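Asker: Same order as they appear, the protein sequences are chains A, B, C and D.
Be aware that the first sequence starts at 1, since it is given in my numbering, and climbs by one per residue.
Be aware that the second sequence starts at 382, since it is given in my numbering, and climbs by one per residue.
Be aware that the third sequence starts at 721, since it is given in my numbering, and climbs by one per residue.
Be aware that the fourth sequence starts at 979, since it is given in my numbering, and climbs by one per residue.
Worth double-checking, as some hints may not be accurate.
[Unchecked claim] Label-pair distances were calculated between CB atoms; the ranges are:
1) R508/B / N873/C: 27 to 35 Å
2) E553/B / N338/A: 49 to 57 Å
3) G250/A / I1155/D: 30 to 38 Å
4) K1038/D / D296/A: 27 to 35 Å
5) V400/B / K859/C: 31 to 39 Å
6) L1186/D / A418/B: 46 to 54 Å
7) D296/A / A418/B: 43 to 51 Å
8) P505/B / I1155/D: 33 to 41 Å
9) G791/C / V400/B: 55 to 63 Å
10) G250/A / R508/B: 46 to 54 Å
11) N1187/D / P759/C: 34 to 42 Å
12) P505/B / N781/C: 52 to 60 Å
13) R508/B / T739/C: 47 to 55 Å
[To be verified] Derived DSSO-like pairs (lysine-lysine); straight-line CA-CA distance at most 27 Å:
14) K98/A / K560/B
15) K1038/D / K734/C
16) K793/C / K608/B
17) K608/B / K792/C
18) K608/B / K729/C
19) K792/C / K1280/D
20) K1128/D / K341/A
21) K1038/D / K272/A
22) K223/A / K213/A
23) K872/C / K388/B
24) K252/A / K213/A
25) K370/A / K1038/D
26) K893/C / K729/C
27) K373/A / K341/A
28) K893/C / K909/C
29) K1128/D / K272/A
30) K1128/D / K223/A
31) K349/A / K172/A
32) K373/A / K139/A
33) K608/B / K799/C
34) K608/B / K830/C
35) K608/B / K893/C
36) K223/A / K165/A
37) K793/C / K1038/D
38) K213/A / K1180/D
39) K1054/D / K1128/D
40) K194/A / K72/A
Hints listed in this document are in silico derivations from the structure and should not be mistaken for laboratory results.
All values reported here derive from a predicted model rather than from experimental measurement.
Positions of the beta carbon are idealized from the N, C-alpha and C atoms, including for glycine.
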Amino acid sequence: MNKKIISGFAIAASAALTFGVVASTPASAKVKEITIAYQGPITGDSAQTGADEVNAAKYALKKYNDSNPAVKINLVIIDDQGAGSVALTVAPGAAANKKILAIVGPAFSGATISSLPYYKAARLPMISPSATNVTLTDKKSVNYGYPVFHRVPSTDAFQGPSLAKWAVQNQKSPKVYIVDDKTPYATGLAAYTKKALAAGVWVGSDSTPDDTKDFAATISKVKSTGTNVVIYTGYYSQAAVLINQLRADGYKGDFASGDGTLGSGFLEGAGKNAEGVLLVAPTVPLSVGNPAMEADYVKVMGAASGEYTTETISIVNIYIAAVKSGVTTRSGMLNFINGYKGETVAGTKLSFDRNGDNNGAAAITGFIVKGGKIVPIEVVK
Amino acid sequence: MINLRDKGAEFWERSNRPVRVLTVFAIMAVVAALPYAGNTFLQTPVAAFDAVLVYPMGMFILMALGLNVVVGKSGMLDLGYVAFFAVGAYTMAILGTRTGLNTWEIMPIGIAAAMFAGVLLAIPTLRLRGDYLAIVTLGFGEIVRVSALNSEAIGGALGIAGVPFPPGLGFEYQLLDQKYFFWTILVMILLVIWVIRRLTVRRPGRAWESIRQDEDAAELMGVSTYKYKIWAFVFGAAIGGGAGVFYASRSMVIAPDNFTLNTSILILACVVFGGMGNIWGVIVGAAILGYLPDRFRFLSDARLLLFGLVLVVFMNLRPEGILPRKKREKAIVKKGSGA
Amino acid sequence: MAKTILNLKDLTIKFGGVTALNSVNLELKEGEILALIGPNGAGKTTVFNLITGVYKPTSGNVFLGDVAIDGKKRHHITKLGIARTFQNIRLFGDMTTLENVITGTDVRNKVGLIGSILGTPRSRREEKASTAKAYEILKFIGIDEYADRLAKNLPYGVQRRLEIARALGTEPKILLLDEPAAGFNPQEKVELAAIIKKIRDAGYTILLIEHDMSLIMGISDRVVVLDFGQKIADDLPSVVQNDPQVIAAYLGVPEDAS
Amino acid sequence: MFDALIDQFWSLTFSGIALGFIYVLIAMGYTMVYGVLRMINFANSEIFMVGAFATVMVSKYVFELSNDAIPPSNVKLFLVILCCIVASMLASALLAFLVELVAYRHLRNRTTNRIAPLISAIGIGIVISEIVRILTGARTQFSPNIVPKKTLATFQGAEIRLDSTLTIVAGLILFIILDRFIKYSRLGKGIRAVSMDEDSAKLMGVNLNRVISLTFILGGLMTGAAGFFYVNVYENVKFNMGFSLGLAAFTAAVIGGIGNIRGAFFGGISLGLVEIYASAVIGTQWKPVTVFIILILILLFKPNGIFGEAVQRTRV
């Protein structure tokens, strides 16, 4: 943790909060520094997602700041523990802190929903690398994030049908059993996946909360239904535990999952059981989408990139572009984002529609694990 | 170590009425001015100080006061207190989004619902002894949370969003400046303190106190222990429910993960940390434990570690809490006139 | 002859396989001091526990007046007019002396939670009356100078007397005293005897468990002797004192030798 | 609804018993400490977690096993198992000893308040799990495959696997050793004396502090062994893994009658089975609800657990 950033922020924040009277930085003044924030889980059960995304953001900013730009960009880290309850405490602070021009995140949909009222009121723009819940960009939903919310990945509404299609590719008469982990992300994706399956294909569902250790009950249902495709819509670590137990109990069918499972963590956990696993994701890992950058990333950060690195770097790049174009206010940032047309670091198109969804994000890639690597095969339409 | 409680009590007894009134008003003024103290050393990094004052601090104080009636006053170990908070919050969220009722109209309904949940839990379980009660209440808390999580009709894992704000009472509640919320919760806290003080010096307070100290002896002295234990439980539940209603309305969004066992344990820690059975101690304990994690948010990674250390070290230094239970030799009832 | 106020009929209780009391009959007359004596483990405190509802009898009944009270809840029995003290002192240590007695008087109060919160006239009236009554009782027992002290900090003798005061607070018809003189020196015992007589003279009926023979002989109207859960004597103190069966029980002589 | 239960009954039963034995061993940590102190050791779940991590560390870094390598066999397998289980037991026992020293000992002599040590134990639990998180990271760590998941036999269509069998057999042996130890050894008798009546045990010359330390250490040894078996069957560890397992094990101890080690045995096995049967019938997401409703029902009819407490608190 960078102490300078933190103490600098503390001073800035105290200044900003003085009797709520805050003068936004006059556009004419010489701005030497711009602050953006990352919001996601830094502590708590899901801290790994936050660590991966923070590292990606740090990587992108380090590249930028090392190039000696006229205006440097600071990163403030807001830990919401991936939980709505904590987001409720930190979001008002971020909203009130006028130094923060934009947010990378929040990482999770639940925390996003809790934060939204504050960011809407403060018109603080946000672009999430990983919040894929459909309601966030659904005009009819109370969770609608307009005008401040944007996201790079496509929603579960796109991912679900692709997952349904990709999962059954090996089976002539597929029998699909769907398992979710009771998180907002997984239940949403499971529902869209189930909806997209052809009639008679779905044979059952179970929800295994993410602290489940023993999947024997789920496995018994998989076996007794004669399932030949298991779809797990949760995150990679539990996915690895589940597939290991399935294989140990002699399950021979296919295993498929969504973007929560995409990443080296799954391969590490599932080992040889991962072989042949079918994955879809609205993104590609940095190592696949941009191997050159991944190599540089490893050199700079000292470790391989993690989840949602492609998205996070791309988001920071939007903010960098905005700063380069002279943006110094939140409203300026919001206009810039809405008018932005560019590419992700993986080379896909990146621009936002009115609801905050990524116009270029609809493409869902299908992957198969081969030889201990997650290999992208094709776009699943 | 200095006994702060006795020092305070001594001061109180020495003072005459005007001084007392003045003291109360001075303290109230300082507390009420807290939302303006955001730029002082109190400043919480990342989180906004005025928001921290409302949640966790204000909410924790309110809930700790309620739990204190159960744990501190009556001696029943309740590890599932968050269940009542959740019942209140869900009542607010469901009625607030589906009917035209506003927060103040839902408040009594939410409190009643929490009290009903309290009775439901109390009747079969209060015959159990201390530690069994702990695990059963813990289980109840989990049952409530998991049931909410698994019920898509009330939002499932996503919870309920768009819970209406409380309507203003001559002022408008604001999202980005939470001082009105703080003042409202301050009024709620004062109300609860007033009620608890009344109960403490009267028959119910004596009944609870006797149950805590020696349940068998209390019953043989004619205290209807079962009835008073249920009352303690239901009274605590009512406060938790009221806090929940306000929390849901202020947060606008609630989800099952706001109501985990951790919250129950944290509230219990507030009660014990401050001094079980002493409302002033409980308030101080809850304020500190609500505030510290946000104050030390800049420690980021080591924040929870520090929190754990504080609990261990402090409990070892002051096992009876910051402001321990009454130790001085003075009846809290008025001296008899007919003596 | 005064009328019978408490009547124990064929009272039997078994714990596991052990019969702690075997078909004990006992009548308590209004206004008397009845001493219950017997060697350790004879079942004296068990009798108290049966009367106050701590245990349910395996068979037999306890009548208060004409009402069978066995099986009733303990606090209900207290309300019906039976109060007790404990052999091992069980005061509410964190309460003051006065509060201990007021807690006893609360059994006669009617105000509930809501009334207490609202501070209804009845609530205020009852609180005031209870406090006054508690003070009176403390004075009556002679420990009113300790009214504001925490019970746990009281001298031993005062704690014993406070136990009696707290029981009197419940306005009982019958007062059960479980070894009230335990640990007292001769002087204190004399004082206690005076207090017990004073209580009886104030209209209470007293059932007393005690080991000290001189105390018993001095104050009791009648003595019942228990041995191994059986009643072996029930007569005037002077008669019981010379009963060979009683002497045998106390000296540990086998029964067939008596 | 009951299809899976009927169809896969023996397979479920077998898994349930293996899980049950893990609960039994963790429950020992709760029930023994409760027996002597009348206090819930809330840090026991973290003691378990550290035990599980010890196995992963030893297998990964001492024996350099990995997920993809072929699992060891014969002599080496035996050596690996032995070293892992000993490491786990020792690590947990040491930690349990420290927990008692830091969180309980001082407080025990200073206050009659029974909730203060509880909070202190919760505090130390937070400290332990946070240290582990900071050291190992927040993500799930996967363990190398130690005991091959070989099918030994099939019974009514259920596969009886080596790893679960090892858990059941070794768990049973450990339990019997503990049971005998408490019953017949001098130290064990000291533990029983203290759990019956602390004061008279003191009068009889039992060194209270030593007995309490020993109880924590014994509980830690059992809990640590559970850590090994857990890793052996489920092959993953995480800094917060202790919470849900600890809660289940504690529930098991209560079902059997807390303070009673045979009760905990019964409670653990039945909880393992009930959890898995209930999950198969009404869905895994309802598991905590089922478990706690059963617990409440049991306590309603048997307020001291099915087997009763080892020692009843004396009344009046």
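Asker: Would you mind marking each hint as holding or not holding in the structure?
Answerer: Comparing the hints with the structure gives:
Range check, R508/B to N873/C: about 33 Å between beta-carbon atoms, so the 27 to 35 Å window is met. Restraint check, E553/B to N338/A: a C-beta distance of roughly 30 Å breaks the suggested window 49 to 57 Å. For the pair G250/A and I1155/D, the supplied restraint of 30 to 38 Å holds, since their beta-carbon distance comes to about 34 Å. Here the CB-CB span from K1038/D to D296/A is close to 30 Å, well matched to the stated 27 to 35 Å.
Between V400/B and K859/C, the C-beta spacing of about 34 Å keeps the proposed range 31 to 39 Å intact. A hinted range of 46 to 54 Å for the beta carbons of L1186/D and A418/B is consistent with their spacing of about 49 Å. With their beta carbons about 47 Å apart, D296/A and A418/B fall inside the hinted range of 43 to 51 Å. Checked against the given bound of 33 to 41 Å, the beta carbons of P505/B and I1155/D, roughly 39 Å apart, stay inside it.
Between G791/C and V400/B the beta carbon distance is about 56 Å. The supplied range of 55 to 63 Å therefore holds. At roughly 48 Å, the beta-carbon separation of G250/A and R508/B lies within the given 46 to 54 Å, and the hint holds. For N1187/D and P759/C, the Cβ-Cβ distance of about 38 Å falls inside the hinted range of 34 to 42 Å, so the restraint holds. Restraint check, P505/B to N781/C: a C-beta distance of roughly 30 Å breaks the suggested window 52 to 60 Å.
Roughly 28 Å separates the CB atoms of R508/B and T739/C, a value that falls outside the hinted 47 to 55 Å. As the CA atoms of K98/A and K560/B are separated by approximately 19 Å, the hinted pair is consistent with the 27 Å bound. Distance restraint check for K1038/D and K734/C: the Cα-Cα separation of roughly 62 Å exceeds the 27 Å cut-off, and the hinted pair is therefore not satisfied. A threshold of 27 Å between alpha carbons decides the hint, and for K793/C with K608/B the separation of about 12 Å falls inside it, so the pair holds.
Using a Cα cut-off of 27 Å, the hinted pair K608/B and K792/C holds, with the two alpha carbons roughly 15 Å apart. A distance of roughly 31 Å separates the Cα atoms of K608/B and K729/C; the hinted pair therefore is violated under the 27 Å criterion. For the suggested pair K792/C and K1280/D, the alpha carbons sit about 22 Å apart, so the restraint of at most 27 Å is met. For the hint linking K1128/D to K341/A, the alpha-carbon distance of about 56 Å lies beyond 27 Å, and the restraint is violated.
Proposed proximity of K1038/D and K272/A is supported: the alpha carbons are some 17 Å apart, at most 27 Å. Pair hint K223/A plus K213/A holds up; C-alpha atoms about 19 Å apart against a cutoff of 27 Å. A distance of roughly 21 Å separates the Cα atoms of K872/C and K388/B; the hinted pair therefore holds under the 27 Å criterion. For the proposed pair K252/A and K213/A, the alpha carbon gap of about 21 Å is at most 27 Å, so the pair holds.
Between the alpha carbons of K370/A and K1038/D the distance comes to roughly 25 Å, so the proposed pair stays at or under 27 Å and holds. Taken as a hint, the K893/C and K729/C pair is honoured in the structure, with Cα atoms around 19 Å apart against an allowance of 27 Å. Taken as a hint, the K373/A and K341/A pair is broken in the structure, with Cα atoms around 32 Å apart against an allowance of 27 Å. With a C-alpha separation of about 24 Å, the suggested pairing of K893/C with K909/C holds against the 27 Å cut-off.
Distance hint between K1128/D and K272/A is fulfilled; the C-alpha atoms sit about 16 Å from each other, no more than 27 Å. Restraint check for K1128/D and K223/A: satisfied, since their Cα atoms lie roughly 19 Å apart, inside the 27 Å limit. About 35 Å separates the Cα atoms of K349/A and K172/A, which puts this hinted pair outside 27 Å; it is violated. For a cut-off of 27 Å, the pair hint linking K373/A to K139/A is broken: about 39 Å separates their Cα positions.
For the hint pairing K608/B with K799/C, the CA-to-CA distance comes to about 15 Å; that is within 27 Å, so the pair holds. With a C-alpha separation of about 13 Å, the suggested pair K608/B and K830/C falls inside the 27 Å cut-off, and the hint holds. At most 27 Å may separate the alpha-carbon atoms for a hinted pair to count; K608/B and K893/C meet this at roughly 24 Å. With a C-alpha separation of about 22 Å, the suggested pair K223/A and K165/A falls inside the 27 Å cut-off, and the hint holds.
Among the hinted pairs, K793/C with K1038/D is inconsistent with the structure: their alpha-carbon atoms are about 63 Å apart, more than 27 Å. Between the alpha carbons of K213/A and K1180/D the distance comes to roughly 43 Å, so the proposed pair goes past 27 Å and is violated. Straight-line distance between C-alpha atoms of K1054/D and K1128/D comes to about 16 Å, which keeps the hinted pair within the 27 Å bound. For the hint linking K194/A to K72/A, the alpha-carbon distance of about 47 Å lies beyond 27 Å, and the restraint is violated.
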